[in-house]
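Enquirer: Model the placement of chain B on the given structure of chain A, informed by the hints.
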Amino acid sequence: MVYPAARLVQASLSQYSVTGLYQGWVGPRNYARLLQQEALATVVMNTVVWVAVIVAVTLLISLALAQLLDKRFPGRRLVRWALIVPWAASLIMTSKLFVWIYDYYFGILNPLLQSLGVLAHPVDWLGDDSTVMGAMITVGVFVSLPFTSYVLLAGLQTIPVDVYEAARVDGASAWRTYRSVTLPLLRPALLVAAVLNIIYVFNSFPIVWTLNDRNPGFGHDTMITYMYKIAFKSSLRDVGLAAALGVVNVALILVAVVVYLRTVRWQEPEA
Amino acid sequence: MRRLMPAVLLSLAIALLATACDRGPGAKGGGVASIKVVIADYSKDNTGPFWRSLSETYTKQTGVKVDLQVIDWNSIDQQVTTMIQNNQPPDVLNLNSFSSYAKDGLLHSAEDVLSAKTRDDFLAAFARGGEYQGKLYGFPILSSARAFFYNKSLFAKASIAAPPKTWDEFVKAAQRIKALGKDSIGYALPLGPEEAQAEWSIWMWNNGGDWKSGGQWAIDSEKNLQTLKFLADLANKHKVTQVNPGKTNRTDGAFQLFKDGKVGMVMGFSPLAKQLDAESKVDYGVTEMPTNTGAAVTLGVEDYLMAFKKKGNQEAVTKFLDLYYQPENITRWITAEGFLPVTRSGLDQMRSNPKLQPYLDALPNAKLVPTTDPAWDKVKLDVQQNIGLAVQPGGNPKQVLDQLQKNATAAGGR
Numbered sequence: 441m442v443y444p445a446a447r448l449v450q451a452s453l454s455q456y457s458v459t460g461l462y463q464g465w466v467g468p469r470n471y472a473r474l475l476q477q478e479a480l481a482t483v484v485m486n487t488v489v490w491v492a493v494i495v496a497v498t499l500l501i502s503l504a505l506a507q508l509l510d511k512r513f514p515g516r517r518l519v520r521w522a523l524i525v526p527w528a529a530s531l532i533m534t535s536k537l538f539v540w541i542y543d544y545y546f547g548i549l550n551p552l553l554q555s556l557g558v559l560a561h562p563v564d565w566l567g568d569d570s571t572v573m574g575a576m577i578t579v580g581v582f583v584s585l586p587f588t589s590y591v592l593l594a595g596l597q598t599i600p601v602d603v604y605e606a607a608r609v610d611g612a613s614a615w616r617t618y619r620s621v622t623l624p625l626l627r628p629a630l631l632v633a634a635v636l637n638i639i640y641v642f643n644s645f646p647i648v649w650t651l652n653d654r655n656p657g658f659g660h661d662t663m664i665t666y667m668y669k670i671a672f673k674s675s676l677r678d679v680g681l682a683a684a685l686g687v688v689n690v691a692l693i694l695v696a697v698v699v700y701l702r703t704v705r706w707q708e709p710e711a
Numbered sequence: 022m023r024r025l026m027p028a029v030l031l032s033l034a035i036a037l038l039a040t041a042c043d044r045g046p047g048a049k050g051g052g053v054a055s056i057k058v059v060i061a062d063y064s065k066d067n068t069g070p071f072w073r074s075l076s077e078t079y080t081k082q083t084g085v086k087v088d089l090q091v092i093d094w095n096s097i098d099q100q101v102t103t104m105i106q107n108n109q110p111p112d113v114l115n116l117n118s119f120s121s122y123a124k125d126g127l128l129h130s131a132e133d134v135l136s137a138k139t140r141d142d143f144l145a146a147f148a149r150g151g152e153y154q155g156k157l158y159g160f161p162i163l164s165s166a167r168a169f170f171y172n173k174s175l176f177a178k179a180s181i182a183a184p185p186k187t188w189d190e191f192v193k194a195a196q197r198i199k200a201l202g203k204d205s206i207g208y209a210l211p212l213g214p215e216e217a218q219a220e221w222s223i224w225m226w227n228n229g230g231d232w233k234s235g236g237q238w239a240i241d242s243e244k245n246l247q248t249l250k251f252l253a254d255l256a257n258k259h260k261v262t263q264v265n266p267g268k269t270n271r272t273d274g275a276f277q278l279f280k281d282g283k284v285g286m287v288m289g290f291s292p293l294a295k296q297l298d299a300e301s302k303v304d305y306g307v308t309e310m311p312t313n314t315g316a317a318v319t320l321g322v323e324d325y326l327m328a329f330k331k332k333g334n335q336e337a338v339t340k341f342l343d344l345y346y347q348p349e350n351i352t353r354w355i356t357a358e359g360f361l362p363v364t365r366s367g368l369d370q371m372r373s374n375p376k377l378q379p380y381l382d383a384l385p386n387a388k389l390v391p392t393t394d395p396a397w398d399k400v401k402l403d404v405q406q407n408i409g410l411a412v413q414p415g416g417n418p419k420q421v422l423d424q425l426q427k428n429a430t431a432a433g434g435r
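Residue numbers (this note's numbering), protein chains in the order written: chain A, 441 to 711; chain B, 22 to 435.
Mixed in with the good hints, there may be bad ones.
Unchecked claim - Calculated cross-link-like contacts (lysine to aspartate or glutamate; reagent style EDC-like; alpha-carbon spacing at most 20 Å): (1) B:280 <-> A:543; (2) B:258 <-> A:543; (3) B:260 <-> B:241; (4) B:203 <-> A:478; (5) B:244 <-> B:423; (6) B:283 <-> A:543; (7) B:258 <-> B:189; (8) B:427 <-> A:569; (9) B:138 <-> B:281; (10) A:673 <-> B:343; (11) B:156 <-> B:133; (12) B:330 <-> B:152; (13) A:673 <-> B:216; (14) B:340 <-> B:93; (15) A:536 <-> B:273; (16) B:260 <-> A:478; (17) A:673 <-> B:349; (18) B:173 <-> B:343; (19) A:673 <-> B:152; (20) A:536 <-> B:93; (21) A:536 <-> B:349; (22) B:81 <-> B:336; (23) B:138 <-> B:349; (24) B:427 <-> A:478.
Said to hold, decoys possible - Coverage of chain B stretches by chain A, computed from C-beta distances (three or more under 8 Å per stretch; other residues unrestricted): (25) 101-107; (26) 243-257; (27) 260-268.
In case anyone wonders, no lab produced these hints; they're calculated from the structure. Glycine included, every Cβ here is placed at the ideal spot set by N, Cα and C.
For reference, chain A alone in the conformation it holds in the complex (with noise of 0.2 Å):
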């Protein structure tokens, strides 16, 4: 864990050529040159976004699956283990799978959309700059859902059959329970889904690594498949480079997770 890190950092401050041969120590030149990168400022928007959207989209339908799947109901455990083959499966080949769905020629999204009518004409999902990330988004949620609903779900359990007692005695309706005592006791597994998942999305590489690969430059890149390319794909094929963003990277994802905490703790309700 620590000679790893050591070993990026090290990197960071160092000159390599593009067969990946040790030229010297350039001190934080690395980190400069990274500032002057033209795409910077478009990967840091898309991670913004990426990690946001899929995050918040992510916890609400969990919310609601998780309430959903702590109810009894004939084929409760049929569900419940369905909900886990997303999270089974491989991320690479969920990915491609994906990449068929959404496939202009061979996918069976637009033929889908086109005979509910909601589309008129077929959409290129993955080639057209205006769905691409929303496409890589829907994949992101779909992965995230199995994992952010079971830690909803044991939270849920968690809460006592007592304070819905309570809360009924007092003439409360379902949705007030729901406002005033279920969320505030789901508090702690809510925080926990949040920040494993802020980390999670943050540092995913398959799903846009795979959804993007037909695209040319950085226009969808996060900063996950942005330092790959530096280091292997784009022209700086600069190993040094890309280590710096990864030390960034690291500091950047500690730093949203405090900020994270420290929001949610400031707004903290007295009781």
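Expert: Coordinates of chain B only, in the frame set by chain A:
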């Protein structure tokens, strides 16, 4: 619990990979006990089995063990870079570039590790394609040549008598196929990041342009601008290509569409023919590239074997290369993979196969991309990442070429 891995660990991917490759024993005394051989995976069915059996033969003959790693094309650059970064280079490496390694002084030259007989057997054009500063460092391992594929059924339906010879005929043919219906695509143009430099080279050369002129990069020449505008027009004015050609890759994009019978024309190569034959769904013909200058040019692609300088490995590496370059070995593998020869003896042997005729005929007129220039490794990636932007609606071919030229000139300086 892979999803719970702390952020730090995940973000450290590069450094982690660095530690993951701690294999391969070092040099011992005068000789080595084992050599590390890294081969790119050309196909699941043939690459691994051939090199495993070659390695076994080698170990039997010499007593030197082989640490064989067959790595897929998507990650080979990354893995090799990591090996070198950690000062653990392979002894023998197969890749599509070599000159950066030669420039960094990492390689044995041919005189050190190849017998005179093997060196003399290389076809002259491919030997030249492996030279850095007048010495052979990138040993040709196999080659391929692009050819023009057309769908005979679609041509018949569109009443096109013969495959197009000129760019004008090409545009007309593409328009007639497009007119067959909304699912028909005249020409599948892959300018996405996977292999855009190959597609671009062919169009560029068939308009009389080139990568370089008089030793200097000439990517932004008038001719090249005309070519790129022509390609953008195919997409946006004539609308005879598939949707978003700047965002279509070759293997899972253009080839897939051609194999599905949707496409009239595509630039293919012998492995595509092999797949088409195996599926026997599309009735296709193979011919020369359409040209705008009167003389059809195709792209020849040469991949390389390199021998890394490591203490005491010269003899072991020499014997390994010598074994691969035995005519029966190299030809057996190239034939199995569906590629083309790089040696005179291989060419003589493979001439008897009528299926390879169009490609072997094209080989003498094939041009290579400038892999001999160490700047090429960066130029190639730059073209792959950017040229597609020029053929998108609203794209600016001049701006794209100017930027590529600027970056290529800068890359040469380092």
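Enquirer: Are the hints correct? Go through all of them and say.
Expert: Hints versus structure:
With a CA separation close to 16 Å, the supplied pair residue 280 of chain B and residue 543 of chain A stays within the 20 Å bound. For the given pair, residue 258 of chain B sits about 23 Å from residue 543 of chain A by alpha-carbon distance, which is inconsistent with the 20 Å threshold. In summary, the hint linking residue 260 of chain B to residue 241 of chain B is not supported, as the alpha carbons are separated by about 25 Å, beyond the 20 Å threshold. Under the criterion of a C-alpha separation no larger than 20 Å, the hint pairing residue 203 of chain B with residue 478 of chain A is inconsistent with the structure, at around 39 Å.
Between the alpha carbons of residue 244 of chain B and residue 423 of chain B the distance comes to roughly 13 Å, so the proposed pair stays at or under 20 Å and holds. The hinted pair formed by residue 283 of chain B and residue 543 of chain A meets the criterion: a straight-line CA distance of about 15 Å does not exceed 20 Å. For a cut-off of 20 Å, the pair hint linking residue 258 of chain B to residue 189 of chain B stands: about 14 Å separates their Cα positions. The hinted pair formed by residue 427 of chain B and residue 569 of chain A fails the criterion: a straight-line CA distance of about 26 Å is larger than 20 Å.
Between the alpha carbons of residue 138 of chain B and residue 281 of chain B the distance comes to roughly 45 Å, so the proposed pair goes past 20 Å and is violated. Distance restraint check for residue 673 of chain A and residue 343 of chain B: the Cα-Cα separation of roughly 33 Å exceeds the 20 Å cut-off, and the hinted pair is therefore not satisfied. A threshold of 20 Å between alpha carbons decides the hint, and for residue 156 of chain B with residue 133 of chain B the separation of about 11 Å falls inside it, so the pair holds. Straight-line distance between C-alpha atoms of residue 330 of chain B and residue 152 of chain B comes to about 17 Å, which keeps the hinted pair within the 20 Å bound.
Of the pairs offered as hints, the one joining residue 673 of chain A and residue 216 of chain B holds, with about 12 Å between alpha carbons and a cut-off of 20 Å not exceeded. The hinted pair formed by residue 340 of chain B and residue 93 of chain B fails the criterion: a straight-line CA distance of about 25 Å is larger than 20 Å. The straight-line distance between the Cα atoms of residue 536 of chain A and residue 273 of chain B is roughly 11 Å, inside the 20 Å bound, and the hint therefore holds. Proposed proximity of residue 260 of chain B and residue 478 of chain A is contradicted: the alpha carbons are some 32 Å apart, above 20 Å.
Straight-line distance between C-alpha atoms of residue 673 of chain A and residue 349 of chain B comes to about 36 Å, which puts the hinted pair past the 20 Å bound. Distance check on the hinted pair: residue 173 of chain B and residue 343 of chain B sit about 44 Å apart at the alpha-carbon level, beyond 20 Å; violated. Distance hint between residue 673 of chain A and residue 152 of chain B is unfulfilled; the C-alpha atoms sit about 24 Å from each other, more than 20 Å. Proximity of residue 536 of chain A to residue 93 of chain B is assessed by CA-CA distance (about 17 Å); at most 20 Å being required, the pair is judged to hold.
Taking the CA atoms of residue 536 of chain A and residue 349 of chain B, the gap is near 39 Å; set against the 20 Å cutoff, the hint is violated. Of the pairs offered as hints, the one joining residue 81 of chain B and residue 336 of chain B holds, with about 16 Å between alpha carbons and a cut-off of 20 Å not exceeded. Between the alpha carbons of residue 138 of chain B and residue 349 of chain B the distance comes to roughly 15 Å, so the proposed pair stays at or under 20 Å and holds. This hinted pair checks out: residue 427 of chain B and residue 478 of chain A have alpha carbons roughly 15 Å apart, not beyond 20 Å.
Here's how the segment 101-107 of chain B fares: 6 of its residues keep a CB closer than 8 Å to some CB of chain A, so the rule of at least three is met and the hint holds. For the segment 243-257 of chain B, the stated coverage by chain A is violated: 0 residues have a C-beta nearer than 8 Å to a C-beta of that chain, whereas at least 3 were required. Given a C-beta distance limit of less than 8 Å, the hint that chain A covers the segment 260-268 of chain B holds, as 5 residues qualify and 3 suffice.
Going down the numbered hints, you'll see the structure goes against 2, 3, 4, 8, 9, 10, 14, 16, 17, 18, 19, 21 and 26, while the others check out.
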